[in-house]
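Given these sequences and hints, build the entire structure.
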Amino acid sequence: MISKEEVKKIAGLARIDVSEDQLEKYQTELSAILDFVGQLSKAETSGVEPIRQITGLESISRKDEDKNLIDQSIGQELVSQSPENRDGYVEVPEIMKAK
Amino acid sequence: MDLKNLTIKKARELLDKGEISAVELASQYLGAIDSKNKELNAFLSINPERALSEAREADKRIKNNQAGVLTGIPLAIKDNILVKGDKCTAGSKILENFTAPYNATVIERLYRDGAVLLGKTNLDEYAMGSSTENSAYGPTKNPHDTSRVPGGTSGGSACAVAADMCLGALGTDTGGSIRQPASFCGVSGLKPTYGAVSRFGAVAQGSSLDQIGPIAKTVEDTALLFEIISGNDPLDSTTVPNNTRPASDPLELNINDLRIGIPKEYFETKGLNSEVGDMVKKAINWFESQGAKIKEISLPHTEYSLPAYYIIQPAECSANLARYDGMRYGKRVDGADLLSTYSKSRGKYLGLETQRRIMIGTYTLSSGYYDAYYSKAQKVRTLIKKDFMESFEDVDVIMSPTSPTTAFKFGEKTKNPLEMYAADIFTVTANLAGVCGLSVNCGKINGLPVGLQILGPWFGENILFKVGDFYEKNN
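Just so you know, the protein sequences line up as chains A and B, in that order. Sequential numbering of the first sequence, starting at 1, is according to the working numbering. Sequential numbering of the second sequence, starting at 100, is according to the working numbering.
Hint data in this document are derived by calculation from the structure and do not stem from the laboratory. The beta carbon of each residue, even a glycine, is placed where N, CA and C say it ideally should be. Any given hint might turn out to be false.
Under the rule of at most 35 Å between Cα atoms (straight-line distance), these lysine-lysine pairs were calculated in the DSBU-like manner [claimed, not checked]:
1) K394(B) with K4(A)
2) K381(B) with K192(B)
3) K447(B) with K394(B)
4) K186(B) with K25(A)
5) K9(A) with K381(B)
6) K447(B) with K25(A)
7) K447(B) with K97(A)
8) K447(B) with K9(A)
9) K572(B) with K363(B)
10) K42(A) with K543(B)
11) K183(B) with K135(B)
12) K381(B) with K135(B)
13) K485(B) with K380(B)
14) K25(A) with K508(B)
15) K430(B) with K97(A)
16) K183(B) with K42(A)
17) K159(B) with K67(A)
18) K192(B) with K137(B)
19) K116(B) with K103(B)
20) K514(B) with K4(A)
21) K63(A) with K484(B)
22) K25(A) with K159(B)
23) K369(B) with K25(A)
24) K572(B) with K42(A)
25) K8(A) with K508(B)
26) K394(B) with K363(B)
If you anchor each label on the Cβ, the simulated ranges turn out as follows [said to hold, decoys possible]:
27) S373(B) with P93(A): 55 to 65 Å
28) K369(B) with K8(A): 31 to 41 Å
29) D66(A) with S246(B): 47 to 57 Å
30) G130(B) with M96(A): 27 to 37 Å
31) I74(A) with L437(B): 21 to 31 Å
32) D66(A) with L517(B): 32 to 42 Å
33) M1(A) with I544(B): 37 to 47 Å
34) E5(A) with I393(B): 51 to 61 Å
What follows is the structure, encoded as C-alpha cells:
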C-alpha cells in the first residue's frame, strides 16, 4: 500500500490538484493497480531487450525542405483557441518575477 | 428505405444504379440519428448542413462516373479524430469548445474518396476505458439492451453502426477499443497492424499502441474502409512504407489450407464466461467442419499482458496528456501561482479515470521506478511479440473470444478500476505485439452479441478479411 504522502507527491508531479477525500480514494485505487501491475516482477526477462518501436522502423528521415504538408495558418487557429492569447501568442501567467 | 439490411456494398450498388441519391441516403441517416440519438447518445455532434453538401458533391461525382468506393456513403467519426471545422472533444471537458483546424490523414483519405461525414461519436475520455462510461458527456447505450454498455472506448461508433445511424465508422484501438465495442454491439471492427494507418490528427494517448481502424456491419464493409484509410503517410513517421498488403486480394480463400491457432491460455482465463467460451468454440468448430486445421497453441506470456499494458499505456498517456495544462487548450482555473494554476485546471477538468492513469504513469516513470516498471514492461512486450512470431510460423490466424463476457450493465464495473481493466484481457496483446485483429459477430447469448476475435500476423489484414468474410457469408 502506498502512503497518502506518496499519493500527494505523485499528484504534485502529475500537476493534478487532489482534494483530501479524493486522496484516500486514490490511495486505495492506485495501490491496488500498482499491486496488480507489480506481478510483472515475476516475469523472467534477463537478457531480453526492451521494445523500442514495435514495427522495427528506425530513424525515418527526409530532406530538410519545406514540403508545406499542412497550412501554416493552422498554427494561428490553434493559438486563438488557447484560454488566453495576444498578438498570435499563447499568454501564460507570470513565470519569473523581476527583482 | 430498409436501413437495417443496408451495407456499404449494397448502398454502393444502389447509388451507382441511380436507385437512390447520396442526398436521399444522407437524409435517411440524419433522420435516424434525429430519432435515436436522444436515447442512445452515440453522437456528440452532428453536422447536417455539411453532410448534405458533401452528399450533393457525391451525387455529381456519381453522375459523372467518377465515384470511388465510398462516394456518397454516410459515415461517423470517433470524436478523438480531427475533422476540420468540427468540435473535437475527445470525450473531455477540457476540449469542450475545441474546433479542429485541420483534417486527420484518415479524414483526408475518406474525403478524397467522396465519403459523407455525418458527425462525431462518443468515447471514454481521451479513449481510456472499456464501456464509454468515462465520457464527460454521458455514456452511450447498447442498442441491443439500453441498460447495458456498448463497450468502449469506441462505444459511440459501434453503437451508431449497430443502430443504423450510419453505414460505417472510424474508431481508435489502444487496447481493444474498436474490437470490444464491435463485439458488444454485434458488428465488425478491425484493429489494424501498428503502422498500417496514419495516426496524424488522432488525439494521442498511448502512442506506441494507438491505431485508427474501421467499424462496419460486415467484414466486407470493414475491408472497404480499411483499404481507403490505410497506407504510408509522410505526416506519421511510424506508418510503414510499402508494407500494407491489398485488402482485395484476388486469390480465393482455400479453407483446406487454413491453419487456425487456439491459444490455450485464453480459454483457461478465469474471468471467461463459459457460455461465451462455448459460443466461440462453436464458431471454431464450424471452421474445422469446413476443412480448416485447428491447432492448440501456447502464448506463454499471456498472464503478463494485462499488467504490461497497464504500465505502458498509463506511462505514455501521462506524457501525452501533459499538454492539457490550462495554457494551450480549453479552460483555465487561476491559482495563486503558475504551479497551482496547472494543478487546479487539471484537477477540475480531467475525469477520474484519466487522473488515475496519469498518476500511475507518473509514478512508474518517476525516478527510481523506471526500471522496475516501464523498462520491465517493454521487455515483457518483447517476449509477447516473440510468442506471436513463433505462433504465426505454425498457424495463419489465431482465434479467441474478443471479450470474456457479453455487454455488462451500467455501473457494474465502475467501482473497481481493476475489474474494468480485466475486460481487456484478450485484446491488449494485439496492441502490445503490434499485430492486427478483427472482431466478427458469432451469435448471441440472451439477446447480447458475442464477438469472435481473429488475430493475424503483421500486415496480414487481408487474411483476416478473407477468413471473417468466409464465416459471415457461409455460416
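Against the structure, the hints come out as follows:
{"no.": "1", "hint": "K394(B) with K4(A)", "result": "violated (50 Å)"}
{"no.": "2", "hint": "K381(B) with K192(B)", "result": "violated (44 Å)"}
{"no.": "3", "hint": "K447(B) with K394(B)", "result": "violated (52 Å)"}
{"no.": "4", "hint": "K186(B) with K25(A)", "result": "holds (33 Å)"}
{"no.": "5", "hint": "K9(A) with K381(B)", "result": "violated (51 Å)"}
{"no.": "6", "hint": "K447(B) with K25(A)", "result": "holds (16 Å)"}
{"no.": "7", "hint": "K447(B) with K97(A)", "result": "holds (27 Å)"}
{"no.": "8", "hint": "K447(B) with K9(A)", "result": "holds (18 Å)"}
{"no.": "9", "hint": "K572(B) with K363(B)", "result": "holds (28 Å)"}
{"no.": "10", "hint": "K42(A) with K543(B)", "result": "violated (38 Å)"}
{"no.": "11", "hint": "K183(B) with K135(B)", "result": "holds (26 Å)"}
{"no.": "12", "hint": "K381(B) with K135(B)", "result": "holds (34 Å)"}
{"no.": "13", "hint": "K485(B) with K380(B)", "result": "holds (26 Å)"}
{"no.": "14", "hint": "K25(A) with K508(B)", "result": "holds (23 Å)"}
{"no.": "15", "hint": "K430(B) with K97(A)", "result": "holds (24 Å)"}
{"no.": "16", "hint": "K183(B) with K42(A)", "result": "violated (47 Å)"}
{"no.": "17", "hint": "K159(B) with K67(A)", "result": "holds (32 Å)"}
{"no.": "18", "hint": "K192(B) with K137(B)", "result": "holds (20 Å)"}
{"no.": "19", "hint": "K116(B) with K103(B)", "result": "holds (20 Å)"}
{"no.": "20", "hint": "K514(B) with K4(A)", "result": "holds (20 Å)"}
{"no.": "21", "hint": "K63(A) with K484(B)", "result": "holds (33 Å)"}
{"no.": "22", "hint": "K25(A) with K159(B)", "result": "violated (58 Å)"}
{"no.": "23", "hint": "K369(B) with K25(A)", "result": "holds (27 Å)"}
{"no.": "24", "hint": "K572(B) with K42(A)", "result": "violated (45 Å)"}
{"no.": "25", "hint": "K8(A) with K508(B)", "result": "holds (33 Å)"}
{"no.": "26", "hint": "K394(B) with K363(B)", "result": "holds (10 Å)"}
{"no.": "27", "hint": "S373(B) with P93(A): 55 to 65 Å", "result": "holds (58 Å)"}
{"no.": "28", "hint": "K369(B) with K8(A): 31 to 41 Å", "result": "holds (35 Å)"}
{"no.": "29", "hint": "D66(A) with S246(B): 47 to 57 Å", "result": "holds (55 Å)"}
{"no.": "30", "hint": "G130(B) with M96(A): 27 to 37 Å", "result": "violated (58 Å)"}
{"no.": "31", "hint": "I74(A) with L437(B): 21 to 31 Å", "result": "holds (27 Å)"}
{"no.": "32", "hint": "D66(A) with L517(B): 32 to 42 Å", "result": "violated (49 Å)"}
{"no.": "33", "hint": "M1(A) with I544(B): 37 to 47 Å", "result": "holds (39 Å)"}
{"no.": "34", "hint": "E5(A) with I393(B): 51 to 61 Å", "result": "holds (54 Å)"}
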